[in-house]
Amino acid sequence: MSTIVLLTMTGLGLGALYFLVASGLSLIFGLMDVLNFAHGALLSIGAYGTWWAASGHLPGAGPGGAGFVLAVLFGTAVGTVAAVLLELAVVRPLYTRPREQVLATVGVGLAVPALLSGIWGSDARTFPGPKALSGTFGLLGAQVPVNRLVLVAAAVVVLVALRLFLGRTRHGLVVRAGVEDRAMVTALGIDVRKAFTLVFAIGGCAAALGGALGGLYFGSVDPRQGTSLLIFAFVVVVTGGMGSVTGAAVASVVIGLVQQFANYYTAAGLGDLAVVVLLAALLLIRPRGLTGRLA
Amino acid sequence: MSTATETHDRTDGRSQAAPAPPGRSRQLLRWWPAAVLLVLVVAPYSAVPVPGLLDGPLGSAGSLQLIATCLLFGALATGYDLLLGRTGLLSFGHALYFAAGSYATNVFLLEAGLPFAAAAVLGLCFGIALALVLGSVSLRVTGIGFSMVTLAFAQAGSILVSRNPGGVTGGEEGRAAPADLLPSWLVGIDNTANLYWIALAYLVLTLGVVHWAVRSPTGRVWEGIKENERRVEVLGLKPYGFKLTAFVVAGALAALGGIVHLLLTGGSTPQTTTSDFTLSLLVMVVLGGSGTRWGPMVGGILYTWADHRLGDLAGSGAVADLPAVLRVPLSQPLFLLGVLFVAVVHLLPGGLARLPSRLAALRRGGPAEEIPPRKENGNP
Numbered sequence: 001m002s003t004i005v006l007l008t009m010t011g012l013g014l015g016a017l018y019f020l021v022a023s024g025l026s027l028i029f030g031l032m033d034v035l036n037f038a039h040g041a042l043l044s045i046g047a048y049g050t051w052w053a054a055s056g057h058l059p060g061a062g063p064g065g066a067g068f069v070l071a072v073l074f075g076t077a078v079g080t081v082a083a084v085l086l087e088l089a090v091v092r093p094l095y096t097r098p099r100e101q102v103l104a105t106v107g108v109g110l111a112v113p114a115l116l117s118g119i120w121g122s123d124a125r126t127f128p129g130p131k132a133l134s135g136t137f138g139l140l141g142a143q144v145p146v147n148r149l150v151l152v153a154a155a156v157v158v159l160v161a162l163r164l165f166l167g168r169t170r171h172g173l174v175v176r177a178g179v180e181d182r183a184m185v186t187a188l189g190i191d192v193r194k195a196f197t198l199v200f201a202i203g204g205c206a207a208a209l210g211g212a213l214g215g216l217y218f219g220s221v222d223p224r225q226g227t228s229l230l231i232f233a234f235v236v237v238v239t240g241g242m243g244s245v246t247g248a249a250v251a252s253v254v255i256g257l258v259q260q261f262a263n264y265y266t267a268a269g270l271g272d273l274a275v276v277v278l279l280a281a282l283l284l285i286r287p288r289g290l291t292g293r294l295a
Numbered sequence: 001m002s003t004a005t006e007t008h009d010r011t012d013g014r015s016q017a018a019p020a021p022p023g024r025s026r027q028l029l030r031w032w033p034a035a036v037l038l039v040l041v042v043a044p045y046s047a048v049p050v051p052g053l054l055d056g057p058l059g060s061a062g063s064l065q066l067i068a069t070c071l072l073f074g075a076l077a078t079g080y081d082l083l084l085g086r087t088g089l090l091s092f093g094h095a096l097y098f099a100a101g102s103y104a105t106n107v108f109l110l111e112a113g114l115p116f117a118a119a120a121v122l123g124l125c126f127g128i129a130l131a132l133v134l135g136s137v138s139l140r141v142t143g144i145g146f147s148m149v150t151l152a153f154a155q156a157g158s159i160l161v162s163r164n165p166g167g168v169t170g171g172e173e174g175r176a177a178p179a180d181l182l183p184s185w186l187v188g189i190d191n192t193a194n195l196y197w198i199a200l201a202y203l204v205l206t207l208g209v210v211h212w213a214v215r216s217p218t219g220r221v222w223e224g225i226k227e228n229e230r231r232v233e234v235l236g237l238k239p240y241g242f243k244l245t246a247f248v249v250a251g252a253l254a255a256l257g258g259i260v261h262l263l264l265t266g267g268s269t270p271q272t273t274t275s276d277f278t279l280s281l282l283v284m285v286v287l288g289g290s291g292t293r294w295g296p297m298v299g300g301i302l303y304t305w306a307d308h309r310l311g312d313l314a315g316s317g318a319v320a321d322l323p324a325v326l327r328v329p330l331s332q333p334l335f336l337l338g339v340l341f342v343a344v345v346h347l348l349p350g351g352l353a354r355l356p357s358r359l360a361a362l363r364r365g366g367p368a369e370e371i372p373p374r375k376e377n378g379n380p
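In order, the protein sequence lines correspond to chains A and B. Heads up, the first sequence is in my numbering, so the first residue is 1 and it goes up one at a time. Heads up, the second sequence is in my numbering, so the first residue is 1 and it goes up one at a time.
Chain A with its partners taken away, still in its complex shape (with noise of 0.2 Å):
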C-alpha cells in the first residue's frame, strides 16, 4: 500500500510538471500552429535563474525560506521576459509563416542550452531548496517527499489560474477564440498578435515555474533537462488534445502515473516506453486525442 501511495505521489508530481510545461505548449500550438521547440529552453532559463539566485547571487535570495520564493519569483520573471523576447524577436517576423516559425524555435532550443552549458558546465549543479521542502510526511503509511506536494499545489494553481484567466477575462476571451479559429476573429478585428505575445509570456511563465520547482524535484538542475522534459510534454500536448488546457491537464496526470508506475512495476526505463506506447494506442483508437481536439 505504502509502495503504491509513494508512486502515486511521484507520478503526480511529475505530472504537476509535465503540465507546468505542456500548458504554455498547448496554448501557443493552439492560437499560433507553432509548436515551440524553445519551450525546454524557457523551462531551463527558469532553473538556471532560480538556481543562479537560490546560491546567493541575489541579494535577499537565498535557499530558505522567503529567500526561496524570492529566488523562484526571480527564475519565473527570467523566464518570461525571455518568452516575450522569443515572441517579439524570433517568432513574430515570421507572423505569415507557421513552418518558419517552428524552425527558428528549433535553433533557439539549440543554442540556448549550449550557452548554459558554455557558461556554467555541462554537468549538472545541486540545486539548493528550504530544507522545510527536503524533507517527507507520513501519507498512508508511505513517507511521501515535500516537494511532490509543492509541485502539484504549484500545478493546481497554475491549472485553476488558466482557467478563470481564459474563462472570465477579455484578454482570455480572445485568446480561446484564436485558438478555435484564428482567421476568424482576426477578420473581427482584433489583433491577435497581442494575443500571440500574451501566451507567450503565460507559457513562458508556466515553463519557468516548472523550471524552478523541476530543480526541486530532480536536486539538480543541467542543460539538458528541459529538452527531455519537453518531449513528454509533446505527449502530453498530443494525448490531451491540441490547445485544450484541461485536456493537458488530464494526460499529464495519466502520463505521470503510467510513466512511474511502469517504472516500478517493470525493468527501469520501460515507464518511458510505456508512455510512447500508450500514445500510440490512443493514436489508433482516437486520432485526435482525449478532448477529441484536431491534432
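Hints are not guaranteed to be accurate.
Taking CB as the label site, the calculated pair distances span [unchecked claim]:
(1) A/R224 <-> B/H211: 32 to 42 Å
(2) B/L359 <-> A/S122: 36 to 46 Å
(3) B/A129 <-> A/A89: 50 to 60 Å
(4) B/N228 <-> A/G167: 43 to 53 Å
(5) A/D181 <-> B/H211: 34 to 44 Å
(6) B/R30 <-> A/T96: 33 to 43 Å
(7) A/L85 <-> B/L28: 43 to 53 Å
(8) A/L284 <-> B/L347: 34 to 44 Å
Read the hints as simulated data drawn from the structure, not as lab findings. Nothing here was measured: the structure is a model prediction, and the numbers come from that model. Cβ atoms here follow ideal geometry from the backbone N, Cα and C, with glycine treated the same way.
Model the placement of chain B on the given structure of chain A, informed by the hints.
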C-alpha cells in the same frame, strides 16, 4: 495550381537561377554534376593540398574520412527532404531509422555472427519494417501532431538504445563493429578510400532515388499533398498511402545511411538516436534549401564540415584568449549552429539554393522575390 508549379520550377531549375548562357556553353553547363562526380571519384588518387578547408592533402585518410562523412550527411539530408521539402511532412524522428540501420546491422553481425552482406540486408529490412509500422501509426495525425508523434517514437528508440537491453546496444558507450567480421577491404586506415567510395555511392543512389521518385506520378501527388492536402483528398486520392510511401522510402534511405555510417565510423553510437541528431538534419535541409534538387545535399555537406571545423575552432588557442563574453558562446558549436539556423530562417528564406536567384534579382534592381507563405498541412 499554376503558382505552385511556378514555385517548384523556379526552385528546381538550376538553369533559371542565373541568366541563361546561350547555345553550346549552356549545353556543356548542364553536365556539371557529372564533372563534379568525376572529380569526387578520383579524389583519393590526388595529393592536392586544400588549405583552410581540410587539414591534410585531398587523398589523405583524414581528409577522405571527413569528405566521406560530409557526403554521407549530404545524402541523409537529401533523403530527409523527401519528407519535409517534397511531401510537407515535418518528421522529428528520422534519427530512429538511421540508428535502426546502424544498430540492427551491428547486432546481426555481433550476436548472430552473420557475414556483413547478410547483416546489412537484414538491417535494411529491419529499418524498412520499423518505418512501415511507426509511419502507419504516426500518419494518423496530421500537421504538427505528426511531428510530435514521430519525435515521441524516436525518443522511445533513444531510451531503448541507452538502456542497453540484453547488452546488445552497448548503452551510452555504443558498440564497435567487429573488425574481424567485416570484409578486410572495409577495415583499417589503408582502406579509407573504399569507405569513401561507398559514401559517394550512397549519395549518388540517394540523389537518384529522390529525383526519380519526385518525378514519378507518386511524386506529383506528394507535391499536391505538400501544397494542399485537402485538395488531393477532394480529387479522390487518399493522401495516407502516398504519405506512408514517402515515409517508408525516406526511412529506407536513412537505414541505408546508418549502415554506411556504421562502416565509416566503425561502430554505432547512441548520439545518432537522439532528437538533436534529427534536428541537425533539419538544420542541414533548411540551410541548403528545402524542396530543391541540390539544396539539402549542399546544406548537409556544409553543416558537417562546419560542425567539424567549429569543434576545432572551439578548442583553438585563438578562442581561449578571448574575453569571456566572446569565448563562452564561441566555444559551443551547438550555440553557433543554433544561432546560424535562426539567422538562415529569418534572413535567407529558401536557404542557400535560393541565394543565386535572390542575388540575381537584386542585381537587376528589382525587389528580391518573396516566397509565398506556406500553408500548413491539415490546418486549412
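Status of each hint after checking the structure:
1. The hinted window of 32 to 42 Å between A/R224 and B/H211 holds, with their beta carbons roughly 38 Å apart.
2. The given range of 36 to 46 Å is respected by B/L359 and A/S122, whose C-beta atoms sit roughly 40 Å from each other.
3. For B/A129 paired with A/A89, a C-beta distance near 44 Å fails the hint of 50 to 60 Å.
4. Remark: the range hint 43 to 53 Å for B/N228 to A/G167 is contradicted by a beta-carbon distance near 35 Å.
5. Taking 34 to 44 Å as the suggested C-beta distance range, the pair A/D181 and B/H211 conforms, at roughly 40 Å.
6. Between B/R30 and A/T96, the C-beta spacing of about 36 Å keeps the proposed range 33 to 43 Å intact.
7. In this structure, A/L85 and B/L28 meet the distance hint of 43 to 53 Å, their C-beta atoms being roughly 52 Å apart.
8. For A/L284 paired with B/L347, a C-beta distance near 42 Å keeps the hint of 34 to 44 Å intact.
Of the numbered hints given earlier, the model fails hints 3, 4; all others are met.
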